[in-house]
Amino acid sequence: MNDSDMDDNTPADDRRTARDFDVEIDDVLDEDGDDEDGLFDDLLRGEPIFENKEVLRPSYTPHELPHRNEQINNMATILVAALRGETPSNILIYGKTGTGKTASAKFVSQELEKTSRKYEVPCEVEYINCEVTDTQYRVLAQLANTFIQQNREFVDDRVDELESLAERARDDPTVLADTEFDSVEAVVERVDSLLDDREEMEDVPMTGWPTDRVYAEFFDAVDYVERVAVIMLDEIDKLVEKSGDDTLYNLSRMNSELDNSRVSIIGISNDLKFTDFLDPRVKSSLGEEEIVFPPYDANQLRDILEHRSETAFKADALSEDVLPLCAAFAAQEHGDARRALDLLRTAGELAERDQADIVTEAHVRRAQDKIELDRVVEVVRTLPTQSKLVLYAILVLEKHGVHNINTGEVYNIYKRLCDEIDADVLTQRRVTDLISELDMLGIVNAVVVSKGRYGRTKEISLSVPVEETEAVLEADSRLGDVENVTPFVQARFDNE
DNA sequence: AACTATCTGCGACATGTAGGCT
DNA sequence: AGCCTACATGTCGCAGATAGTT
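For what it's worth, our numbering labels the leading residue of the first sequence as 1, then goes sequentially.
Among the clues, some could well be false.
[Said to hold, decoys possible] Keeping only pairs whose Cα atoms sit at most 30 Å apart, straight-line, the calculated BS3-like set for lysine-lysine is: (1) 415 to 458; (2) 283 to 106; (3) 238 to 273.
Hints in this document: simulated from the structure, not taken from any laboratory.
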C-alpha cells in the first residue's frame, strides 16, 4: 500500500511544484520592467519540454506494461494460489535486459500484496536483487532480517490487541466468550509469552555467524506466523554464478519442513542457460513454471514510448518521427526498452539545452551519438593504466596517420611510453591480450591478417573519435605528463 | 582476527599459422 | 613444395589481492 501510494503521489507533487515555480518566475519578470538578462533568464524562459522526466528513468515502475499482458496474467494465475493460502508453484522468469521482467514482476507482487491485504490473507513478497546481495550468507541474512522485522510488528500489534482485551475482560468477563481464551489470566499469560518471543528476535548481523545458523534463524522467522512468503530473486544467475546453487537448494526444500507457512520462489534471470549449472533437483523444483519475456520489436517499443511520453512530455513536444526512430534504434540493439527510454530522455534533454520547442529527429540522432560517446568515455576512463598505455600507443600511431597498425608497432610505442612515465613494461604476450580486450570493448578494431612471408599480425584501427579519446586518456594523472611522443614515432617512419 | 579458497594479472614456455617468397 | 616471418593462441604455475568462513 505504501509503495503504490508513494508512486501515485510523487509525480503529482513534482508537477505542482514545477508549475508554481513557473508562475513565480513570470511574476518576477513582469515586475522587473528592465529585463537585464542574467545567466539563467534565457534558460528559464524557454518552454519546458518535459512534463515529468522521472517516468523515463529506468528506476520508474510503470503501472501499465504494454505487450506484457500475457506474461503478467500468467504470473497472476500462478500466484493466486497464495491468496487461497496454498503454495504457489515456483516461477522462473527469463528474458534479456530491458524486456520488462523486473517491472512486471514488481507490478504483480504489488498487486498481490494489495489484494492480500484486502482479503486479509497473510502473504508477503520479498524482493532481493542478487547482483547487490550476491552471496548465500547475505541473501539469507537479508531475508531473515525482513521477516524478523515483520514478526516484531506482528507481535507488537497482537500484544496491543490482547492487552486491551484483557482490560475489557477484567470489567466484563463475557467478552472472552468469543475468543480462544477462557480467563483473563490466560490472556496475560499469552501476552507474556509473546513478549518473551519479542525479546528473542534479534537481528542477524551482516557478518560473523555461520551460515547454517543464519539459515535456522531465517527458517524460524518465516515459520513464526502462518503466511505465504514469496521470495523474488532478481538476477538469480548472478547468485548461482558466484555462490553456487546451495541457497536455491535450501530455499526450495524448505516447504517440506515448515509447519505454519509456505515459501514460493520467483527467480528472474537474464541468462537462458543458467539452469544448466543447477543441481537437477533444484532445477526441477525451481522451474515448475517458466515464463519467457521475448525482446520487444520496434512496434512494441513504439507503443511503450508512446505510453510513457504522454506523461513524460508536454503535449506536442515531440515531432512525429521521434518515437518511431527511437524505437527503431533500440530495436536494432536487442529490443531493449531501457535503451529506448534512455534515448528518448537524452533526446529531450538535448532539445531542452538547445531551447528548442520540440524534440526532433535530429535530436534523437544526436542522442544516439551522445549515449555511445558517453559509454566510450566511461569505458576508457575506467581502463587500467596498462590498457590505457596500450590504447594511447594506438592513438599516437593513428594520429600520425598510420593505418592498419600492427602489434609490433604498438608494442614499441608502448614500451617508450612506459619508459617515459616510469611504468612497468609488460611482455608482448600480455599486450596482445590487452589489445584483444580493447577490441572486445569496441574501442579498437583488431583483425588478424597474414602477411605471408612477413608473418602474421593483427591489423588494428581505432574505432572511436581520436580527440575525445585523447582528452580522456590525458585526464589520467599518470598519462597527463607524457609529452611529445612525436619524435620517436617520426623516427620509426624514417626507418621504413 | 585468523584462516582458507578463489580470483586476477602476469611471465615463461610452447605450439600454431597464413600465405608471400624462393 | 616447402620455408619462414611475426606474431596469435594456448597452457602452466606463480604471487598477491580479495572474499568468504569460522
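Here's how the hints hold up against the structure:
1. Using a Cα cut-off of 30 Å, the hinted pair residue 415 and residue 458 holds, with the two alpha carbons roughly 18 Å apart.
2. About 23 Å separates the Cα atoms of residue 283 and residue 106, which keeps this hinted pair within 30 Å; it holds.
3. Straight-line distance between C-alpha atoms of residue 238 and residue 273 comes to about 12 Å, which keeps the hinted pair within the 30 Å bound.
When the structure is compared with the earlier hints, no violation turns up for any of them.
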